[in-house]
Amino acid sequence: MIPVVPYQVRRAEHGWRGQLLLRLRHGNQAYIVELPMEQARQLAVEMRGLASDHCPLHHLSLQLAQSLGARVSHIIVQRNEEANELIGIVCLETSNGPLDVNVDTTAALSMAIHIGLPIFMDGDFASTEGEQQVEQSEASRQGDSSTSTPIPEAFWEVIDGID
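So the mapping is simple: our numbering equals the position in the sequence shown, first residue as 1, plus 3.
Honestly, the hints are just simulated from the structure, not real lab data.
Possibly wrong hints are sitting among the right ones.
[To be verified] Ranges of calculated distance between the beta carbons of each label pair, as one might list FRET restraints:
(1) 155 with 99: 13 to 23 Å
(2) 66 with 16: 33 to 43 Å
(3) 67 with 159: 26 to 36 Å
(4) 97 with 59: 30 to 40 Å
(5) 63 with 156: 29 to 39 Å
(6) 130 with 162: 43 to 53 Å
(7) 84 with 162: 40 to 50 Å
(8) 118 with 5: 36 to 46 Å
(9) 66 with 105: 14 to 24 Å
(10) 105 with 20: 33 to 43 Å
Using N, Cα and C, we set each Cβ at its ideal position, and we do this for glycine too.
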C-alpha cells in the first residue's frame with residue numbers, strides 16, 4: 004500500500020469526468036483517480052474545507068464505530084482490475100482485530116479528507132511525474148477568474164502542509 008494525500012481535483016482532458024490527484028506523502032509524483040464529475044465536485048468541496056451535506060454522515064459514522072468499540076484508522080482506495088472499478092475500504096481497529104469495510108470510494112475519500120484520516124492506494128493507477136506536474140498544478144490553482152475566485156497562496160501552503 005502506498006501512502007498518499009489528496010492534492011488537487013481537476014477536470015479530465017475530455018471534460019466529462021473529474022480527476023482526483025493523490026500525491027505521494029514524500030514526493031512529487033501523483034496518482035490519478037478518475038471520478039464522475041459530481042463526485043469530483045464533492046471532493047473538491049471537502050478539500051477546500053467547506054461545509055457539505057455529508058459532514059453529519061462522517062461524524063455519525065465515527066460515532067457508530069466508537070459506540071461499537073471500534074476506531075476508524077485509515078482509508079484504502081483499491082483498483083479492482085477485473086471489474087475496472089474503484090473500491091473504497093474503511094479500515095477499523097477493533098478489540099477482535101482489524102476489520103475492513105467496502106464502501107463507496109467517494110464516500111470513503113470524502114470522510115478521510117473531512118476527518119483527516121490517512122489514505123493509502125492499492126493497485127495500478129495512472130500517475131504523473133515530477134516537476135512538470137507540480138508546475139501545472141500550481142498554475143491551475145490560480146484558476147480562471149471568470150469561473151472561480153482564486154484561493155490565496157497562504158491558504159494553499161497551509162493545506163499542502165496538512166498530513
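Status of each hint after checking the structure:
no., hint, verdict
1, 155 with 99: 13 to 23 Å, "violated (47 Å)"
2, 66 with 16: 33 to 43 Å, "holds (41 Å)"
3, 67 with 159: 26 to 36 Å, "holds (34 Å)"
4, 97 with 59: 30 to 40 Å, "violated (24 Å)"
5, 63 with 156: 29 to 39 Å, "holds (35 Å)"
6, 130 with 162: 43 to 53 Å, "violated (21 Å)"
7, 84 with 162: 40 to 50 Å, "violated (32 Å)"
8, 118 with 5: 36 to 46 Å, "violated (20 Å)"
9, 66 with 105: 14 to 24 Å, "holds (21 Å)"
10, 105 with 20: 33 to 43 Å, "violated (22 Å)"
In summary, the numbered hints that this structure violates are 1, 4, 6, 7, 8, 10.
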